[in-house]
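Line by line, the protein sequences are chains A and B. The numbering used here puts the first residue of the first sequence at 6, with every later residue one more than the last. The numbering used here puts the first residue of the second sequence at 6, with every later residue one more than the last.
Do not rely on the hints blindly, as some may be mistaken.
As the list claims (entries may be wrong) - Dumping the calculated BS3-like pairs for lysine-lysine here, alpha-carbon to alpha-carbon at most 25 Å:
hint, chain 1, residue 1, chain 2, residue 2
1, B, Lys165, A, Lys83
2, B, Lys73, A, Lys12
3, B, Lys180, A, Lys83
4, B, Lys165, B, Lys83
5, B, Lys83, A, Lys73
6, A, Lys26, B, Lys83
7, B, Lys73, A, Lys7
Bear in mind the hints are in silico, worked out from the structure with no lab data behind them. Computed from a predicted structure; not experimentally measured.
2 protein chains.
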Amino acid sequence: MKHLEEKVISSQQIFTGRFLKIERDQVQAPDGKIYTREYILHPGAAMIIPLLPNGNVVMVHQYRHAVKQVFLEFPAGKRDANEVTLDTAKRELKEETGYEAKDWKFLTTIHPVIGYSNEHIDLYLAQDTNLSQRQLDHGEFIEVVEVPPQDLMRYVREGKVTDVKTQIGSFWLDKFLRGEWN
Amino acid sequence: MKHLEEKVISSQQIFTGRFLKIERDQVQAPDGKIYTREYILHPGAAMIIPLLPNGNVVMVHQYRHAVKQVFLEFPAGKRDANEVTLDTAKRELKEETGYEAKDWKFLTTIHPVIGYSNEHIDLYLAQDTNLSQRQLDHGEFIEVVEVPPQDLMRYVREGKVTDVKTQIGSFWLDKFLRGEWN
Numbered sequence: 006m007k008h009l010e011e012k013v014i015s016s017q018q019i020f021t022g023r024f025l026k027i028e029r030d031q032v033q034a035p036d037g038k039i040y041t042r043e044y045i046l047h048p049g050a051a052m053i054i055p056l057l058p059n060g061n062v063v064m065v066h067q068y069r070h071a072v073k074q075v076f077l078e079f080p081a082g083k084r085d086a087n088e089v090t091l092d093t094a095k096r097e098l099k100e101e102t103g104y105e106a107k108d109w110k111f112l113t114t115i116h117p118v119i120g121y122s123n124e125h126i127d128l129y130l131a132q133d134t135n136l137s138q139r140q141l142d143h144g145e146f147i148e149v150v151e152v153p154p155q156d157l158m159r160y161v162r163e164g165k166v167t168d169v170k171t172q173i174g175s176f177w178l179d180k181f182l183r184g185e186w187n
Numbered sequence: 006m007k008h009l010e011e012k013v014i015s016s017q018q019i020f021t022g023r024f025l026k027i028e029r030d031q032v033q034a035p036d037g038k039i040y041t042r043e044y045i046l047h048p049g050a051a052m053i054i055p056l057l058p059n060g061n062v063v064m065v066h067q068y069r070h071a072v073k074q075v076f077l078e079f080p081a082g083k084r085d086a087n088e089v090t091l092d093t094a095k096r097e098l099k100e101e102t103g104y105e106a107k108d109w110k111f112l113t114t115i116h117p118v119i120g121y122s123n124e125h126i127d128l129y130l131a132q133d134t135n136l137s138q139r140q141l142d143h144g145e146f147i148e149v150v151e152v153p154p155q156d157l158m159r160y161v162r163e164g165k166v167t168d169v170k171t172q173i174g175s176f177w178l179d180k181f182l183r184g185e186w187n
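Full structure from sequences and hints, please.
This is how it looks when you write it as structure tokens:
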């Protein structure tokens, strides 16, 4: 795939907001010409599928201002500096839902915004879960809900789970619970 | 879900790059306090799952500079002003792959970046396809490939299809071809 790659000519952080950072690169494309590429700099994230002993999954309702909707999501959050994503997953699960888990399984890495962000999200399945204490971040308003996996697949099909990380987690959970992928 | 919503106090476009635009809003959260939210303004997009008469799907290899990798993707592209996404889908399928299709089916809408972009992507299944003429945009370097659906699900499982829209399209295609969703 080398013949499709672009060579970086120059690279500059052109915007620093309160939350978002933008990089602008000049690249040399396969045709030899110079093009401009802009993208968000993101530290990476982790998402957790917390499977309870009763067979339900723990999820959250959260209002997302960018889309101006309340979403049904799996717990997730941004990686802190120097943090491995398994630690991010453990931290975010506890902060957002109050749950801890003894059995952690890495599922896959996904790239949500390949057109304009370097974000990746590592997905984990958390089992052997038990309820501890929530510790929400300042300015986070999150409602915890339990969902049976069969309802979740119906929500996906009906367009009620449109957040990509959550929809992908739902499909991986479906494959896992059917015994097709494990 | 009203009790989780945030009320917009003020709204301002604070960055306009060559490609990216950022909005910064002041919002009043459920606790009554004022918070800042920043997000990318995006016109929306369409993705196409082009199913050939021979049972394969048409996909593209494309280098994505934000992640600095070549991705295996379903054809997709941004909506033009005043364009409905079905027209975006027809246009992008022809531009990127040279294929046209007579049978179009809307599958679902997804939100790839609910934390910091208002982007949505409408997914379409295109059947009764026939090869016409490619018309790549300036600065696009795209290689067209045919993939059997069973290989695609293996690639997803093995972490070789990490682009979220493409992974979600692969799962929907799997459900469609199994006759579970149609």
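(request) Find the hints from earlier in the document that the structure breaks and name them by number, from lowest to highest. (result) 3
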